[in-house]
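Participant: Position chain B against the provided structure of chain A, taking the given hints into account.
Sequences listed follow chains A and B, in order. Its first residue numbered 7, the first sequence is counted upward by one per residue in our numbering. Its first residue numbered 1428, the second sequence is counted upward by one per residue in our numbering.
Since the hints were derived computationally from the structure, they do not count as laboratory data. Where is the CB? At the ideal position from N, CA and C, for every residue including glycine. The hints are all genuine.
Stretches of chain B that chain A covers, calculated by requiring three or more beta carbons in the stretch to come under 8 Å of a beta carbon on chain A:
hint, stretch
1, 1460-1469
2, 1532-1541
3, 1590-1598
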Amino acid sequence: MRPVYTLVCLALLVLLGSQGVPAQSYDFQVVVNDANPMRSIGVDHLERIFLKKTTRWEDGSRIEPVDQAPDRTVRERFSDEVLGKDPSAVKSYWQRQLFSGRETPPPELDSDRQVLDYVASNRYAIGYVSSGVALGSGVKQLSVTD
Amino acid sequence: MTFRNPLRCFGLFALAGLTALPAAAAEITDKVDIHAYGSWVAGISDPHPYLAGSGENEVEAENVDLSINVSARPLEDIRIVGEIFFAKGAATGELEEEEVELDLAFVEWDVRESVKLQFGRSRVPFGIYGDVIEVGVLRPLFFLPQSIYGDTGFMAEAYDGVGALGQLAAGDGWELRWNLYGGAMTTSLRSGAFAEGEPEGEEGEEAEESDLEKLLGGRLVLQTPLEGLSFGASAYSAEPQESVFSSGTEPEWGDHTVVGVHGEFDRHPWLLRAEGGRHTIVDADIDSFYLEAARFLGERWQLAARYDTTEVDWDTPLPPYFDPLLEHEETAVSLNYWFGRALVLRLGYQRVEGNLLARATTLSLADLVTGSLEDTTDLVTFGAQFAF
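Next up, chain A with everything else stripped away, as it sits in the complex:
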């Protein structure tokens, strides 16, 4: 049994290593379309996507981030933990980007359900929903790594 036990432990270690185990847990779930080949994403990469500083997936297709409404608790948590800004500071950032002609902000949806429906119907989309929300079909969760 001993060699089998060792092999199982080794296999688990390899599997967990390839998943990019997050160093800390976050108060939200990052979701992408089922067709997206990614399994994990770095928090820096996530920040750049949602501030539209990174606009392409690795295959060259355009990333479609989707935000939640500013009064949503999950939006506050995401802004704080990923963007490092409160929602009003993010608002100022987007006003400058928008009116200088640089970029437009991601669309803002009013609920976790709307975000899941949007991501399920758009293969290039990425969004976030509250922890513990059942994802349903067509979307999958990305683990967030430091």
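Facilitator: Coordinates of chain B only, in the frame set by chain A:
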């Protein structure tokens, strides 16, 4: 409303058509975005006209402006942006004037990740406020620092031509944003004096427009790992269509050159910004500097202050009695009340020393020589600025 050329006419009608779409149509496609910003202000100044004040000891309230910004992404790599500006009063630069302008009309091509090209009419990427020059909610006081963004010839509302922009992330929180652009634009300038050394006529001087060709410029902004701290440098050079001061020389490229540096710390509850620059024309140098600070007191109230100065230095020395016409030194304070970032109410006070920008509507040489020209102007304003 005037149309300078068919392109402007077409652009206005195209944007009017887009904004006339029923609300449902704007929801049909997620490729079209419509946003707007604007302001209203009432002002009273004494004794000279300045910004929203007429200098006639009565409140001027007919100062209102609205900009409608429309953008669409018809193809994955192509974006089209247009913006129309409607204004009456202070925002036009002259009280009682009305204006409709095509502020933005460009096509943007995403060449590759982090590199874009823009073709058409775009904002001038200069300093802190150049590319958001009319967006009131992005600054701590109602009006922009006039030393650089007023009638000192540093800035224009937009340029027509080609621009490239991008960013380089160096890791560990460092990021460099860059702009390069070329084309043509128009600036406005109050010179303070004329080549012959005397003001022309008895009327106060209007700001002179300078049409610039062969424009070439750029800006670098370095974002540091410290949240909210950034530094930048900007410069452009161009050939004026004609010498503003009619010195008799044929204009050449480089006869209108502007350089500037800036720094910013923007992290709630503090905002600190400073910018300095030099504008060089054939007969003079114009040096400008401002420092502004603001702090939130709670979630909604904000206190802001600014020191702002500019000075015209003529190559040919002028008599000392011209000094008030060559200087502008301003201190300003503002008490602001914010509704999120969408709307702010402001009560402001500005004191100006010098008559470069706060000038009597009638001016005579005798006033200057005898020193009877009042060189201190006070302005009180109350207004609202919004964006959505």
